[in-house]
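Work out the full structure: start from the sequences and follow the hints.
Okay, here's what each chain looks like letter by letter:
Protein chains: 2
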Amino acid sequence: MSAAGQPTSKVAFQGEHGAFSEDAARKLLGSQAITVPFRKFDDMFDAVSTGQADAAIVPIENSLAGSVHQNYDLMMEHELTIVGETYLRIVHNLIASPGVPLSGIRRVYSHPVALAQCGKFLRANKQIEAEAAYDTAGSVRMIMASGSPTDAAIAGHSAAIFYGAEVLAEGIEDNPENFTRFLLLTRSGGSSQLAATAQTERRKTSIVFRVANTPGALYKALAAFALRDVDLCKIESRPIEGRPWEYSFYLDFEGDQRDVRVDRAIAHLAEMAESIRVLGSYPSASY
Amino acid sequence: MSAAGQPTSKVAFQGEHGAFSEDAARKLLGSQAITVPFRKFDDMFDAVSTGQADAAIVPIENSLAGSVHQNYDLMMEHELTIVGETYLRIVHNLIASPGVPLSGIRRVYSHPVALAQCGKFLRANKQIEAEAAYDTAGSVRMIMASGSPTDAAIAGHSAAIFYGAEVLAEGIEDNPENFTRFLLLTRSGGSSQLAATAQTERRKTSIVFRVANTPGALYKALAAFALRDVDLCKIESRPIEGRPWEYSFYLDFEGDQRDVRVDRAIAHLAEMAESIRVLGSYPSASY
Chain V
80 MSAAGQPTSK VAFQGEHGAF SEDAARKLLG SQAITVPFRK FDDMFDAVST GQADAAIVPI
140 ENSLAGSVHQ NYDLMMEHEL TIVGETYLRI VHNLIASPGV PLSGIRRVYS HPVALAQCGK
200 FLRANKQIEA EAAYDTAGSV RMIMASGSPT DAAIAGHSAA IFYGAEVLAE GIEDNPENFT
260 RFLLLTRSGG SSQLAATAQT ERRKTSIVFR VANTPGALYK ALAAFALRDV DLCKIESRPI
320 EGRPWEYSFY LDFEGDQRDV RVDRAIAHLA EMAESIRVLG SYPSASY
Chain R
80 MSAAGQPTSK VAFQGEHGAF SEDAARKLLG SQAITVPFRK FDDMFDAVST GQADAAIVPI
140 ENSLAGSVHQ NYDLMMEHEL TIVGETYLRI VHNLIASPGV PLSGIRRVYS HPVALAQCGK
200 FLRANKQIEA EAAYDTAGSV RMIMASGSPT DAAIAGHSAA IFYGAEVLAE GIEDNPENFT
260 RFLLLTRSGG SSQLAATAQT ERRKTSIVFR VANTPGALYK ALAAFALRDV DLCKIESRPI
320 EGRPWEYSFY LDFEGDQRDV RVDRAIAHLA EMAESIRVLG SYPSASY
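For the record, the sequence lines run as chains V and R. For the first sequence, our numbering gives the first residue as 80, with consecutive numbering after it. For the second sequence, our numbering gives the first residue as 80, with consecutive numbering after it.
Among the hints, erroneous ones may be present.
The list treats identical chains as interchangeable, and a pair is accepted whether it falls inside one copy or across any two copies.
[Claimed, not checked] For lysine-lysine, the following DSS-like pairs were computed, each having C-alpha atoms within a straight-line distance of at most 30 Å:
id	residue 1	residue 2
1	K199	K89
2	K299	K313
3	K119	K205
4	K119	K89
5	K106	K119
Think of the hints as simulated: they come from the structure by calculation, not from any bench.
Now the structure itself:
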């Protein structure tokens, strides 16, 4: 407990302060969270596994760029539990040192995915040359450190605030239907107080399973849910390492694993599957 | 027809000469192909649609980084047909100007995904600082243009050959199970001579469909295939823009659309689906 009587939890995120992941942690947890930056996704999973952090906020899918398969794979390798989810609208901004005019900018730094998502803006401002960098918030830190009046970065609003920079152009992404889904992971069996701020009636469950590579295997697996009217939200297949043409399936569906219908569907699937693991049941979020 | 009597086709690829995509075009088409570089995926699709190129070679999934959702979306937007596929093993190399020793390298440029896939090598060589760049082959072009004896790039073998550079360390990727699947796309109704070099009995068909967002809808859709023992290779879901929580499904399965069993499965699915499109039938490739 902090001095103010608030529970405080250390939440690991990937990137630098001001990153979209840090925004997602704040959206999900509010002031409960002390956010701790990690350079790589692996380090974040290790930090939660070893108790160095209480939870990790993990981007799992972007509506334009797709699933973050590395994080699906890291979930397989670590025994963590999903306790929450949130969707963050990704808004890209042109950010520079305070007082620098847009007309003076000649170079802009950002992650290649962010640069690609701002293609229309960059084509309309041909005097600005795009330069690839490791991440969005880190680009803001870099241009603020250099102080060059011709350099800018593309990043989220929080990065501008964190580094005392100025937003020169807001929402410069081509496509506003740009959302990232984040999962909140804790050690299995750990405290669930972290998800307490989420107010929702609906719950969702995520599982991962493997079936034999035979015709109809996936159809039979889905029968466990269809025959009980359990609504699927998302299915994702991942190749199994060292077993070409074979896949693990990640499934998100409506309901909590303690619901009788869901519990029986999982038991039915377990009869057919080579392996099955429940990744967690958690409050369902909306776009 | 070229002077040597060989049919020649212009195949668009994304990136710079020496890119993995160009390797994939050569693997699939051999000397039939004249490869033409395009900076962006969109431009490549436009080039084929307008007849500026005969075909495009399109990365659709990497075994580690995941599906290239942008290209799934571009397939939806353009009326192209899949006429072939190939899998390319992605091997990363440390590449520098000829005569430069590994011990002198202090900086390495590459695409952030390639840098991330060479994490172990970079941690073992802490004197080398990693710098993000737009693409792998383009990094080789850049270090060859600058000629700096302390700079290197991470890219495929073909990029080293194309730019007259030298491979200082081969296969420096952490995980050798690194494959990218590429599709060969042509205008619908166009010539199919492009796929002529592929020697295989097995064929595969790809479709995309939408079903109503009701419990069991995907299960019923898959029944069309399961009830006819048509073997699924891959299923991929994509959010439908502007319709949160709803998905299009991409399905790859064994068999040609002219096979009776496959033809009837597609007709059966069409009864249930809101929309369905056959993306193509083509010779099946292996890892």
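Cross-check of the supplied hints:
no.	hint	verdict
1	K199 / K89	between (39 Å within a copy, 28 Å between copies)
2	K299 / K313	both (17 Å within a copy, 16 Å between copies)
3	K119 / K205	between (33 Å within a copy, 16 Å between copies)
4	K119 / K89	within (17 Å within a copy, 40 Å between copies)
5	K106 / K119	within (22 Å within a copy, 34 Å between copies)
Checked against the numbered hints above, the structure violates none of them.
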